[in-house]
Structures are given as C-alpha cells and as structure tokens.
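J.: Here's the letter readout for the chains.
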Amino acid sequence: SAVISQKPSRDICQRGTSLTIQCQVDSQVTMMFWYRQQPGQSLTLIATANQGSEATYESGFVIDKFPISRPNLTFSTLTVSNMSPEDSSIYLCSVASRANTGELFFGEGSRLTVL
Amino acid sequence: AQSVAQPEDQVNVAEGNPLTVKCTYSVSGNPYLFWYVQYPNRGLQFLLKYITGDNLVKGSYGFEAEFNKSQTSFHLKKPSALVSDSALYFCAVRDKGYQKVTFGTGTKLQVIP
Numbered sequence: 367s368a369v370i371s372q373k374p375s376r377d378i379c380q381r382g383t384s385l386t387i388q389c390q391v392d393s394q395v396t397m398m399f400w401y402r403q404q405p406g407q408s409l410t411l412i413a414t415a416n417q418g419s420e421a422t423y424e425s426g427f428v429i430d431k432f433p434i435s436r437p438n439l440t441f442s443t444l445t446v447s448n449m450s451p452e453d454s455s456i457y458l459c460s461v462a463s464r465a466n467t468g469e470l471f472f473g474e475g476s477r478l479t480v481l
Numbered sequence: 220a221q222s223v224a225q226p227e228d229q230v231n232v233a234e235g236n237p238l239t240v241k242c243t244y245s246v247s248g249n250p251y252l253f254w255y256v257q258y259p260n261r262g263l264q265f266l267l268k269y270i271t272g273d274n275l276v277k278g279s280y281g282f283e284a285e286f287n288k289s290q291t292s293f294h295l296k297k298p299s300a301l302v303s304d305s306a307l308y309f310c311a312v313r314d315k316g317y318q319k320v321t322f323g324t325g326t327k328l329q330v331i332p
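From first to last, the protein sequence lines are chains D and V.
If you read the first sequence in the working numbering, its first letter stands for residue 367, the second for the next number, and so on.
If you read the second sequence in the working numbering, its first letter stands for residue 220, the second for the next number, and so on.
Just so you know, the hints here were simulated from the structure itself, not pulled from any lab data.
Be aware that a few hints might be false.
Unchecked claim - Covered, in the sense of this in silico footprint (three residues per stretch, anywhere, with C-beta under 8 Å from a C-beta of chain V), are these stretches of chain D: (1) 382-391; (2) 467-479.
What the hints assert, rightly or not - Taking lysine-lysine pairs in the DSSO-like style, the calculated list, with each CA pair at most 30 Å apart, reads: (3) V/K277 / V/K241; (4) V/K327 / V/K315; (5) V/K268 / V/K288; (6) D/K373 / V/K288; (7) D/K373 / V/K327; (8) V/K241 / V/K319; (9) V/K319 / D/K431; (10) D/K373 / V/K268.
In this text, a Cβ means the ideal position worked out from N, Cα and C, and glycines have one as well.
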C-alpha cells in the first residue's frame, strides 16, 4: 500500500477564484490519478498524471479548467480554476498498486465548497 | 467499454445479521474487480479484489466477495454485521487489458443496533 497525503483537507472558496490541491505519496509512483466525487455521487476520473509528461484528461475535463503538475515521482498538484458552485466536490488523489493488479490507494480527499 | 452497477442505493441490516451488497459488471475482457469503503469525511479504503483463481475472495474487516462469471456479479458479503460497518461501499472494475478503473454509484450500508 501507499500513504497519500492531500492538502488542503477542506476549503471554502469564492466564485471565480482558483485553488490548488497538493498530493504527496510516500513512495515513487509512475502514475497518479485525480478523481472528483460530487455530492452523493460516485467517483469520476479527471485525469492521469505521469511524471515528465502532460496529464491525460478524461472526456469532459480540460487542462484550462483543471491544470495538473507532476514535477517528480512522489508529488502532484491539481488546480481547480475559475471556480463555480458546480465545482463543489471532493477531489481525491490516488495511486495504483505496484503489482499492477488495479487496486487504487486514495488520499483523504479535499472537500471544496464554492460559494 | 466497462461498467459497474450497484442496484441498491442503501442497504439496512440489523447488527449481527449477515449482509450482502450487490454489484454487477460489464467488461469486454477478463475483469479485475474491487470493493472499496468510504467512511464519512474520509477517502476510499481498499477492501478486497478478485484477479484470478478462487471465486471467493476475503478481505479486510471480515468482508468477502464472490465472483460469479455467469451472472457477471461480485457481491460483497459479511457473515455478521457490525454497527461500525456503516459506510458507503463502492464496487469497481477494470478490464485486464485496460488501465482505467470504473466505479459504481455506491451503496450506503446502515447497520442498525
């Protein structure tokens, strides 16, 4: 397993502002994943972040809205830009098992509320 | 395409009784199947997985799940529910030849004292 630390754990933001979420892993990993969990809903993959290359975004998510950095093998950031109330969600960072059998390990999540 | 269905939004069970949380899946190839649990205001925790082999897999906190290929199901079970098992449970699937994991909509388990 991996220990994943996210911050902030929660924040209240004003419409039109941007917020950057940080994710730190206790071991080197190739891929890091960013998920969104909207209130009462399941997890939706936003993008996959590989070190040394641009993130790969899922359908419905764009780099201008959710820019991602991956400066090294243990750290990534997700920025939620120009926020609106619809962006109020829990944002989760995760990494895959080293055995490549698919299970994911998650951070505690960052709960954003946009007013 | 791959998908997961959790037909029950909520399951209520009395403490000490057996519990089942249902999950069915669809993949084009061989599935990797997972269960996760989410406690209030927490991230997701991995419970168990099916990759290959024995259809009955055991995981954390006394949970187990049975892979049924003919019914494309992977139901989560526990012989005796605890109040502390009350949480949100997610089933997930990954096609063996595909990197992306797809999550179900989640089932809220309420164990009644």
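J.: Take a quick look at whether V/K327 and V/K315 sit within 30 Å of each other, Cα to Cα.
T.: holds (28 Å)
J.: Can the restraint linking V/K241 and V/K319 be considered satisfied, given a maximum Cα separation of 30 Å?
T.: The hint holds at about 22 Å.
J.: Keeping to a limit of 30 Å between CA atoms, is the pair of V/K268 and V/K288 held or broken?
T.: holds (15 Å)
J.: Straight-line Cα separation of D/K373 and V/K268 no greater than 30 Å?
T.: holds (28 Å)
J.: Given the hinted pair D/K373 and V/K327, is their alpha-carbon gap at most 30 Å?
T.: holds (26 Å)
J.: Count the residues of the segment 467-479 of chain D whose Cβ falls closer than 8 Å to any Cβ of chain V, and tell me whether that reaches three.
T.: holds (count 10)
J.: Taking beta carbons only, do three or more residues of the segment 382-391 of chain D come closer than 8 Å to chain V?
T.: violated (count 0)
J.: For the pair supplied as a hint, D/K373 and V/K288, confirm whether the alpha-carbon distance does not exceed 30 Å.
T.: Distance of about 41 Å is beyond 30 Å: violated.
J.: Would you mind confirming whether the straight-line C-alpha gap from V/K319 to D/K431 stays at or under 30 Å?
T.: holds (21 Å)
J.: Holds or violated: are the alpha carbons of V/K277 and V/K241 at most 30 Å from each other?
T.: holds (16 Å)
Of the numbered hints stated above, those contradicted by the structure are hints 1, 6, listed in ascending order.
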